[in-house]
Structure formats: C-alpha cells, structure tokens
Amino acid sequence: MTATAPTPVIGRPLPRVDGRPKTTGTARYSADVSLPGLTHAVLVGAAIARGRITAIDAADALDAPGVLAVLTHENLPRVTAQPPLLPSLAGGPSPGQTFCPMQDDRIHYAGQHIAVVVADTYERALYAARLVHVRYREEDPVAVLDQGRDQAYVPEKIFGGLLPGRSARGDVEAGLERAEVRVEATYTFAPNHQNPLETSSTTAMWEGGRLFLHDATQGPAATQHTVSVMLGIPHADIRVYSHYVGGSFGAKASTWDHPLLAALAARHVGRPVRLALTREQMFTSCGHREEQEHRIALGADRDGRLTALRHHKLSLTSHFDDWAETSLEAPAQVYACPAHEGVYRLVRGNTMTPTFMRCPGEGSGMFALESALDELATRLDIDPLELRLRNHADRDPASGKPWSSHGLRECYERGAERIGWDRRVAGRPEREGPWTIGLGMASAVYPIVPPSNPQRARARIYADGSAVAQAATAEFGTGAATAMAQVLADALGLPVERCRFEGGDTDLPNVASTVGSTGAAMVGSAVHLAAVALRDQLIGRAVADERSPLHGADPGAVVPVDGRMALRDDPGTGESYAELLTRHFQPDAEAYGSFGPPQGEPPAAMITLGAHFVEVAVDGELGRVRVRRMAGAFAPGRVLNARTAKGQLMSGMLWGMSQALLEATHMDAATGRWANPSLGDYLIPVHADTPEVTVDLIETADHVVNPLGVKGVGEIGQSGTAAAIANAIHHATGRRIRKLPMTVEDTL
Amino acid sequence: MTTQKPTATRPTDTGPLPVRGPGPVPVTLTVNGAEHRVDIEPRVSLLSALRDSLLLTGAKRGCDQGTCGACTVHVEGRRVLACLTLAIACEGRPITTVEGLADGDELHPMQREFIACDAFQCGYCTPGQIMSAVALLDEGHASDDDEIREWMSGNLCRCATYPHITAAIRAVRDTTSDPS
Amino acid sequence: MRPLTYSRASAVADAVHAVTVDPESAYLAGGTTEIDLLRQDVLTPGRLVDINDLPLTGIEETRGALVIGALARMSDVAAAPAVRTRYPLLAQALEAGASAQLRHMATMGGNLLQRVRCGYFRDTESPCNKRRPGSGCGALTGVNRGHAVLGTSEHCIATHPSDAAVALTALDARVHTRTTAGHGAYHIDDFFLLPGDTPHREHPLEHGELITSIEIPDTPTARNSTYLKVRDRASYEFALVSVAATLQLEQGRISGVRLALGGVATKPWRARRAERLLLGAGADRRAFAEAAREELADAAPTPMNAFKVELAQRAVVRALESLA
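Protein chains in written order, with the numbering used here: chain G, 1 to 748; chain W, 1 to 180; chain B, 1 to 324.
Worth flagging that the hints you see were computed from the coordinates, not collected in a lab.
One or more of the hints may lead you astray.
Said to hold, decoys possible - For the chain W half of the interface with chain B, some residues (derived, Cβ under 7 Å), not all of them: (1) PRO42; (2) GLN65; (3) GLY66; (4) GLY77; (5) ARG79; (6) LEU81; (7) ILE88; (8) ALA89; (9) ARG93; (10) PRO94; (11) SER153.
As the list claims (entries may be wrong) - Simulated DEER-style distance windows between Cβ atoms: (12) ASP174/W x ARG286/B: 42 to 52 Å; (13) HIS133/G x LEU193/B: 25 to 35 Å; (14) HIS200/B x VAL25/W: 29 to 39 Å; (15) PRO24/W x GLY182/B: 32 to 42 Å; (16) ARG547/G x ASP174/W: 50 to 60 Å.
Where a beta carbon is used, it is the ideal one built from N, C-alpha and C, also for glycine.
The shape of chain G in the complex, shown without the other chains (with noise of 0.2 Å):
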C-alpha cells in the first residue's frame, strides 16, 4: 500500500496562534514593555518649516518636577555616519531619510525633532516638551506642488537608486500619433498619513554596553543595522525585539530616527527610556504617501485595443532625497500595450521624505490607468470589463517573457459574477430614493520582488516531538506567526499544534523586514527550506541507522507523515522524529534554511493580479457616496492560510475605499504645517462605513516566484480599488472625479 498524501496544513483557514494574547490584553506592544527604573521621553517638534534655530532655551523645562535630561543639536552627541537611503527590503540599513535632525540647527520641515525630554513620568515629560522655549529664523517654505512647479526636474533614480526616473518602450509618440482614440487626463492625490492605532514606539535600554530596543518596525533587523551605523557602534551589540507591532501600513518599514533619540536618551539619562510618538507626532516622524498628480495619455483603436500609454508623475519630495512611490512600473505590465513611457517629476518642499504607504505607487498610479481605462470604455461604448479582456497581456508586455503565473481572467470571471456585472447597463443607474445605484470595476496589479540576499530560517525539532521555527521578522497584523507554523507543519509532517514560530528577536536567523507584500514568499520560504532540511537531516541520519526500521532505504523514498518518518510505498515502516532523537540521546535537532536571490535572469515574469467590482449608491442631492458592496478577487499563487490571507486582501479593500473617499492630510500652504494631524480631523473609516465585502481567492501553481509558489496578499487588495470605486461613481452619476480623495463637493 501507499501512503495517502496528508492534507497538507498549508493552506487550512486556521485561527491565528495569537488570538489569547490579543484579546486578553497580555501581548506586550514596545510601549508596553516595563523594565526598572523606566523614564519617558517626549520628542519636541519644530514649529517652522523652513529656517535655523536661533536660539533654545530649556530652563523651564529643566526646571519642571521629574525632568531628567533635554537634549537638543547643542548637547546631541553627532551621529557617526549617515546610511544611504535604501528599501528595507535590502535588508541592510533603512533610514527613513537621509536627514537625521538634532544634528545642526537647521529647519527642513515643520515637526522635525528638535528636542527630546526625559522625566520621570509621562504626564511629566509631556508637559516639559511644552517647557522647551525655541526661537527661529523663519523663511518661505515650499509645502506643495503649486509652490514649486516652476522648479520640477526629472530625477536620474527613484527609491533609494534602485529605480530610474524615465522609462520608456517602443514608440509612444507613434502609438498616440496612430491611435483612433486617445484619452488625456491629469489626477490629483492628496497626501496621506499611514497611521497605523499604535504609534511608533522604542523602549531602549542599556547594559553593559548593549543596547537593547523593543522598536515597533516592520524589520527589527532594519532597526539594528541602521541604529548600529549611525550610534557607530557594532550591529553584534544591539539586539532588538518586536514581539508585537500595533500595525504599520509602511510608517514603521524603514527606520526613522526615534529609535536613534531613545538609545541617546537611555544612555544620556542612564535609564531605560520609552520613546512612544504622540499620534500628532506620527504626521511628522515617519514619512507619508506624497502629494502627487498623474498625467495620462492613452491612445487605442476603434476596438479598444491600446497602442500607446504614457504616465507621468509629479510629486513633491524632501530636501535631501529623491523619493517618489513607485506608481509607473507595475501599472505598466497589466495590459499588452506595445509602447509606454514612464517619467517621474519631483519637486523639492519643506516636506520629510516621503515613504511607502500601504500599496505603494499601485495604489495611486492603478487609481490613474484604471480611470482613464474607465474614461476610453465610455468613449468607446465597450463595457469595461470587455475592454479590458481586449487587452489582456498573454505576456509581459516589459520584458516580453511568459508569466510564471497569471489568474487574472479568472479573477474577472469571479468578481463579475459576486457583483452580478452582468446587470450593469451604461448610463442606466438603478435608483432607490435618493440613491442612485452604480457599478464599476478596476483590475489589481502588485509586483513580485525578489530577495536581494539570503532570507534565513532556523528549524528545530525537540526529543518531544514539538517543533519551533524561528526568524527575526515581525508580526505586525499579517498573520505570518500562523502561517510560519503551517509552513513548519507540512515541511516536518507535524500535526500543526506541535509546531510554532518564533520572531520578532534580532538574536533569530536575519530577514529582511517585512515590507512590499513578501513577508510570506521571503519567511515562508525560508521557514520551508529550514524546516526540509531539518527532515532529510534527520531521514538521512535514520537511513544510515542501523537500530532505525528505516536503515539502508533511499532517502528519497521516505515522507514525513504524522509526527513520522516512513517509507512512502509501506508507510508501515518508519519511526517517529522523537524516537530517533532518543535513541541517540538527543534533546533536539536544527538545521538552517536559506532562501536566496535567483541565481540568472528569471525565466518568467512574475506579478500578482486581481480584480475589483464595486457597488456604490450615490445620494448627489447631499453629495453623499456609500459604498455597499465590493467584490475582489485576487490570484497570489499560493494561499498559506485561507482566513489570513483573506482578512489581508479584505483589509486592503477597505484601505482603497479609504483612499477613495476619506483620506486626505491638508497641509497649510503659508505655514508647512499639517492642519488635521488628528484621528479626529484625518478621517480613516469607522465600522459605519463598512460595505459588505467579499474575497475570492484564485490559486494559480507557480513554480518560478520561491519554493513555496507564494506570491503576497498584503497590498494588491487595495490596488485599483479607489478606480473601481470611482468608476461605479461615474457610472451612478455621470460624473468623472479625477482627485483622491473624492469628497462631498465632487458629488454634489
């Protein structure tokens, strides 16, 4: 007989491994952590945005009860060097920019640390931050587009270098010049703030020359690498945690310079300091999704068939770097379009550096193609989704290779059917009362980025029979602790409540952080690895033993089945891990797994794909749009757990319902400063504005992206959707909104 393949554990809707912690109130976030002695350190924000500090005066706040230390640029101690800016997806070191404040006497943009006081108490340090009396030069800031247009250049490299700032394939000007149609139309992005519930937060600690950090990163390796470079101390004395991260959304990616302060203050003051940013803090500490505007020419024949796409992007970014999110590149590959150029335009503004937000550049640069996509389907009178059937790319449309995997017909297919497209007639809106009803769709698109170095993973099984797998990733609402496990499980033939896994420790094998929906490829990979050479570790060692049931068979013959080692044609013969671990008088065994960048040129293209189809009911009497109900379906390869990864792509959804119709940091034009940097005044969605929300998950086999076939589910959700949302708009109303976010007064 043969052994029936085991249901793999891979892909089972299992409840997340942290719920008890969770719902009880006991997971310890970095803010939550309480050691001896604890001080707290309040940071305090420039008032400016553009000058020099011409003089500071902290006696008071010196003066205040509890206060222990002020440190300013007069008493900082310099760091030693600055790192490039750099994706933590590298892996090294990620400064959020390459501007460290408290350095000099400079004002680059309003809220820059200035300041940081240490007392004894919250409440206390929070008010001396207020004590901290400061005098400016002040000049004329530039804080948005309209300030600096005139000064706009085209950057040789986006992203900390690793992107160009023009693109471009075949000819353009000849397809616009032949097409038979062409759109041209110019959207407009308000800038946005990722706030994540729980702000940035590091409780820093020395001793005996360590440091120690609980940083709420996306990567505690970024933490460590970039805290190391810039304090010039070496990265083996800095051990970070994070245990649990209170959401991030790309504000805790790469490593601002709160981590830096706090260690300064641990040290200065001789006390464990907790550094946690007042949600206000959080519009001026950890970058944000910039002001930007997309211009579109598309050309296309009577069919709908495209013939030229060009996308250029105007943004404003900081002083010191050219950061503008990458909204070009994927948006680019979804259709078989044969000539497309592609050309940033940055302004240079009394802003930080900007940073990744939640779908990175899809979201917006997917928010202009899928609009003007919607706008030619109207000029054609081609339903919208056929239009984009039309234009299906069979290939890559950049590189001319097949995909490693697509789905995206299915995805259409899907999300058609839950929404009922079929019902939609153009320019006929269903009506209820004042509501007039309106349908419209969008396509998702999300790149796959490869590893840039060795992703590692430790594996360990015990005498016991219970296994550990362990990496120095983050968990900050995905639910990778899960899905590890799973991983763990299948690998070693566990039952899945034997296997656990163990991050958030910098001590653990190195990953890079968490960022760009590869959290499952790149740990997942790893953790897979690990876990299958631990099992031909131990098969081999029971093959060659002689005391084994196994001894002398070809290892390759052997499966891991329940908790056993057992020949695949007679799983009657094996013997259980913990038996042969005993037998050698062995606690435990463990063995690395290294998941590493593609050795050559891929063979195949690789993407994430999806599809949007949208409900919404328009009041436009009242200029009120709610969304009702929004269909996605999506194609990430391989699905590790079910429920998690749907609760990711719901999540996303909301996240472009947001981006849709709420999200927007106003920034006062004379002064540089934020004027809503409130949860009050930012407006995210509350329950109320839930619509129903269905995920339909299209598994594709792909055998190119990493061992495990996994693509990510982290962002595409939110890819396209504020398109869908604004195309079901137009079909309601007639209307086309081509600004984020579209609010009251586009409706009305």
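We have chain G already, so just place chains W and B on it with the hints.
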C-alpha cells in the same frame, strides 16, 4: 427674549473644598475587582494610571485625544475613554479593563468569538473593540448589523477588520440572547 | 498638561464658590473636550473642580417643559423616553454626535460649552484669536474646508461643533445657571455669542457661573421632527452641514416650523428668515428651496468651503421633505 442675568436668591455660605495635588497624591482605584493604591498627580489620566502604575497595558494609547477608542474601558459598567478620564476622578467608581474579562483561563464569549471570527489583525485596537462590544450588547444596541456598526463606530481599526468584528458581536448576541 | 490641583464637590454651592473665587480654576464634568484641550495646552487652568457628583443629572417632565440636568449624560438624555417621543430631533442629534463612549461621558452642560473643532485653535503654534486674542486667525486663509459660512467675522470663522445645541436652538431651550450670587437663565439664542471682534468670548457666562439645567419648552410640533447630518464618513465625525427641523402642516400649509443649522455657522444657527418665509407657505420643494436660499443669502464662504452654501440649502430641503 427670556434671558435673565443672575439674580440673588439666597446667600452662599460654604467652606473651601479640599484641594489635592498638584504633586503626587494617594489615589485608590478599584480595577477588575481589586483595590489598588497608587501615588499619582491629579493630571494623570486613567489610561496612564492603568498602564504605567498598574501595568495593565491592555488599554492602548492610540491617540490620547478621544478619537480612536483603543483605550476603551468600563467605569461603573459603562464604556468610556480612559485617555479623557482623570484617574483621580475614578475614586469610588469601579473600573473593568480587558484584563478583567476572562474568568481565569476561560475566555469571555466576546474574546472567544473575536478569535473565531478573525476579528483582529495587529491586535492593537482589539482590547478597546472588545470592551466596547461587551458594553454594546449590555446597552442593547446590536439588533442588526447596521446598528452594531453605528454603535461600534467609536472604535477605529486601521487594519479594517470591521466586517469580522461585526460577525463576532453578532455571534455573541445570538448565543447569549437565545431564548431557548 | 500643566500640573493641576483637584477638588471634588458634592454640593452645587461648594463647587460654584470654589471656582468663582479662584480665577485659575475650572469645572470638570465629562472632560471629553476639556482633558483633550488641557493636554494640548490650549486650556490652562491650574485647578479642576470635579462636579460629577453634583445632583444635576435628572431628566424631569414639568408642566410646560422638559428640564434636563446639566450633568445628565448625552447617552442618557438620548435614551430618555420623554426625549425620544417629544423631541425626536434632540435624540437624533445626540446620537449623531461623537461616539457611544463619548456620549456616556459627555454632559449636556459640557456639550453646550464644547470648544470649536478648528485645527488652528488646537494647534498652539498657530495664531488664533480665540486662544490668544489679537494673535490673528490662521483659518481665514488656511485650511478651512470645515469652517463656517454664516456668522463669521474677520477674526474667526470656526464652526460651532455641537449637534445637540442645534436641536436645542430649534427648540428655544433655556439654559439655567448658578453663581455665588444666585440663579440665571439664558435663552439659547443669547447663550451663544457670535465671534465679532471678541471670538474668545463664546458665551455670556461669568467665571464660576455653572450651568445647572437646560429647559426645553413644550413644543408639540417637535413630535414631527428630524435631525439630518451630512459628513464625510458615516459616523463619528463633526457635521459638514446639519439641519434640525420640526414641521407642522394644516391643510397642506405650513402652520409651524422650526429650523436650525449646524456645521455652517459660528454658533448653532436658528434659521429664522427661512422659518418666516415658510410659515403659511405650501409644503413643497419650491417653498423649501426658496426659504433655504434666503437663509443662506448672506453666507460668506471661502473657496474651500463654498460647497457648504449649496449643501446647506439642499439639506434644509431634504430635512423638510422628510417631514412633509
């Protein structure tokens, strides 16, 4: 119109009220059934007292401005925001936090359903959501999904797990109010 | 938040005396605005007198009026059967405000005294004539999408944030107070001051004068009433525009109407012009629209909030249509 500036009706003859602070003063708080004496300044919020003095860090400081709901606890059985409440004003008013919901190892039904319905991701807003949800059922504002959503709107979830939170509340409502 | 001393009062007279004699002191009731603004350093009292133990929480039906204690919580008032049946617009306005948690905390007196939701008022680095008289107004040329279009001045355009006060304004409520000298009462129209050139003065109360109750006269027409609130998100947000309306018809003609607007004015805005036009008119869309247009005729919008002028008119029409 009918406005009158104040007019004398009776003389006032009261003594001065005792003044406490501004330095630390002993304050007795009753939290999850146990009495605790803490020395805090009157300006210290209930949220800070719970987190920093009693090390009950379930209630979270998401905004400290009354705009997110992550610090929701019960005072005298009603859901309130600990960030906008002074600890000293809670003397004599029993407080329940998320740490006080479970009965030993036995989770509160709302905690169980939050896990079963995948009603959290990062978990940061979760203690506040759960405290709010428990109160919501006591208040009787969970008759249908729309009502649940409206009356839970004071608790932001940036992971946007809202549909799953609604499902969890519905599940607890349907099991606990089952007339059979 | 600055260092504070704290006293808890159990008798009204004690509380009033304590605050009156100490210019650095303030009452503490629900605290929902006050604690927030203390932490922002916008409010700077040195002493808080906690009045939450005062016996001012009743909701009593008296002959000719409903009397709501100043310390009755928003949630309790909204749930009170007398309020729900006699003044649906007030119950709706209360439940449209803030969140369930805040409504459990916030008191009716505090609701009337809540401070404006203007970013420049909250931000101590910005000029603000309300917070620092004479320092200027950041909102006039700044980000003012949410600001007022009615009752503004060149010194302040902050919108009054309350929903409940809009309903109370439509209901001709009276605000009763206590001082060390005795009792006072204000018609609600007199209770809220336009900014003019003294935007820091928002109400006529003297230091130490304590709101004790809000009296709502019997208003039989209020049984047919509504509170319509338009905002960007579906809940937990201040109004862009809101309308409190009551309507009574006799043989197709309007025999009674009350209208007040929120979200558009520097104080809860009684739409008396519109009411005058509507009395005796036919209850149709055209009459509603014309009255609304007249009420907004003097609106002084900025480029960012110009939409409110149109939105307010349409909201008035919608509210009245729902009652007709």
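To see whether the hints hold, each was checked on the structure:
no., hint, result
1, PRO42, "4 Å, holds"
2, GLN65, "5 Å, holds"
3, GLY66, "6 Å, holds"
4, GLY77, "10 Å, violated"
5, ARG79, "5 Å, holds"
6, LEU81, "5 Å, holds"
7, ILE88, "5 Å, holds"
8, ALA89, "5 Å, holds"
9, ARG93, "9 Å, violated"
10, PRO94, "15 Å, violated"
11, SER153, "4 Å, holds"
12, ASP174/W x ARG286/B: 42 to 52 Å, "49 Å, holds"
13, HIS133/G x LEU193/B: 25 to 35 Å, "33 Å, holds"
14, HIS200/B x VAL25/W: 29 to 39 Å, "33 Å, holds"
15, PRO24/W x GLY182/B: 32 to 42 Å, "39 Å, holds"
16, ARG547/G x ASP174/W: 50 to 60 Å, "57 Å, holds"
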